[in-house]
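Going down the list, the protein sequences come from chains A and B.
Sequential numbering from 1 applies to the first sequence in my numbering.
Sequential numbering from 1 applies to the second sequence in my numbering.
Hints should not be assumed to be uniformly reliable.
Cross-link-like lysine-lysine pairs, in silico, DSSO-like; alpha carbons within 27 Å at most [unchecked claim]: (1) K14/A - K66/A; (2) K58/B - K20/A; (3) K101/B - K55/A; (4) K41/A - K55/A; (5) K101/B - K20/A; (6) K20/A - K66/A; (7) K101/B - K58/B; (8) K58/B - K64/A; (9) K41/A - K20/A; (10) K58/B - K69/B; (11) K64/A - K41/A; (12) K49/B - K69/B; (13) K49/B - K101/B; (14) K64/A - K14/A; (15) K14/A - K41/A; (16) K64/A - K20/A; (17) K41/A - K101/B; (18) K66/A - K101/B.
It should be emphasised that the hints constitute simulated quantities derived from the structure, not laboratory data.
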Amino acid sequence: GAVVSQHPSRVICKSGTSVKIECRSLDFQATTMFWYRQFPKQSLMLMATSNEGSKATYEQGVEKDKFLINHASLTLSTLTVTSAHPEDSSFYICSAISGTGGSYEQYFGPGTRLTVT
Amino acid sequence: AQSVTQLDSQVPVFEEAPVELRCNYSSSVSVYLFWYVQYPNQGLQLLLKYLSGSTLVKGINGFEAEFNKSQTSFHLRKPSVHISDTAEYFCAVNLNTGFQKLVFGTGTRLLVSP
Numbered sequence: 001g002a003v004v005s006q007h008p009s010r011v012i013c014k015s016g017t018s019v020k021i022e023c024r025s026l027d028f029q030a031t032t033m034f035w036y037r038q039f040p041k042q043s044l045m046l047m048a049t050s051n052e053g054s055k056a057t058y059e060q061g062v063e064k065d066k067f068l069i070n071h072a073s074l075t076l077s078t079l080t081v082t083s084a085h086p087e088d089s090s091f092y093i094c095s096a097i098s099g100t101g102g103s104y105e106q107y108f109g110p111g112t113r114l115t116v117t
Numbered sequence: 001a002q003s004v005t006q007l008d009s010q011v012p013v014f015e016e017a018p019v020e021l022r023c024n025y026s027s028s029v030s031v032y033l034f035w036y037v038q039y040p041n042q043g044l045q046l047l048l049k050y051l052s053g054s055t056l057v058k059g060i061n062g063f064e065a066e067f068n069k070s071q072t073s074f075h076l077r078k079p080s081v082h083i084s085d086t087a088e089y090f091c092a093v094n095l096n097t098g099f100q101k102l103v104f105g106t107g108t109r110l111l112v113s114p
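Work out the full structure, taking the sequences as your base and the hints as a guide.
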């Protein structure tokens, strides 16, 4: 089946620093990747949609200058949290859609737990 | 705009008992429907999906769901649960318009006790 990985699985950073999270589709080409944020005991909130080779589309209320998304290849998208603050601490999950499309099924990564101290 | 409602935030049930997790949606266009399961500190795993055809959909781990267009519901069921089914369950909707954005419900915590 389609596998999506994320790295790192956990990261702790100091307030004011930046952190990069990678999302990779391991056995398929992902024309579209999504980035979600999940607070404890809450649902997933879509942050942005990332298409290979083009700028990401951000959801309303998401700061594009704070959450930088790069989808440079068909197997890799990165989310960089710039100048992180404690309120950015959260569980970040990516998902990917196969380039062949048709099923509208998103394959989810295992998530990255970000803690900003 | 479409939305997904999961009325039950938590459902406690005893092992081997049946369970139903409720999901209702609102949309002015036809939709695709999904159920995902999330174990602690993990990503989401697809349980089942409805795209078209038979309204009764069977998924992994013995789960099934029925699409009811008139009631705009997609309830998840399992006839006999196990301790290992304890997890968070999310219902999600995707508009059948070619744009692949998912809208999630707030989730239902299934707690299975011995």
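Pair hint outcome, K64/A versus K14/A [Cα-Cα no greater than 27 Å]
With a Cα-Cα distance of about 21 Å, the restraint between K64/A and K14/A holds, given a limit of 27 Å.
Hey, K58/B versus K69/B, does the alpha-carbon distance stay inside 27 Å?
With a Cα-Cα distance of about 17 Å, the restraint between K58/B and K69/B holds, given a limit of 27 Å.
Check the hint pairing K58/B with K64/A against an upper bound of 27 Å on the C-alpha distance.
Status violated; Cα separation ~40 Å.
Verify the proposed pairing of K64/A with K41/A, using a straight-line Cα cut of 27 Å.
At roughly 25 Å apart (the allowed maximum being 27 Å), K41/A and K64/A satisfy the hint.
Are the Cα atoms of K41/A and K101/B separated by 27 Å or less?
Given that 27 Å is the threshold and the Cα spacing comes to 22 Å, the pair holds.
Would the pair K66/A and K101/B pass a check requiring their Cα atoms to be no farther apart than 27 Å?
22 Å, holds
Taken at face value, is the distance from the CA of K101/B to the CA of K49/B at most 27 Å?
15 Å, holds
When you check the alpha-carbon spacing of K64/A and K20/A, does it fall within 27 Å?
14 Å, holds
Would the pair K14/A and K41/A pass a check requiring their Cα atoms to be no farther apart than 27 Å?
With a Cα-Cα distance of about 24 Å, the restraint between K14/A and K41/A holds, given a limit of 27 Å.
Pairwise hint evaluation, K66/A against K14/A, where the allowed Cα distance is 27 Å at most:
Within the cut-off at roughly 16 Å; holds.
Just to be careful, I want the Cα atoms of K49/B and K69/B compared with a cutoff of 27 Å; is the pair within it?
15 Å, holds
Does the alpha-carbon distance linking K58/B and K20/A stay inside the 27 Å limit?
38 Å, violated
The structure fails to meet hints 2, 4 and 8 from the earlier list, while all remaining hints are met.
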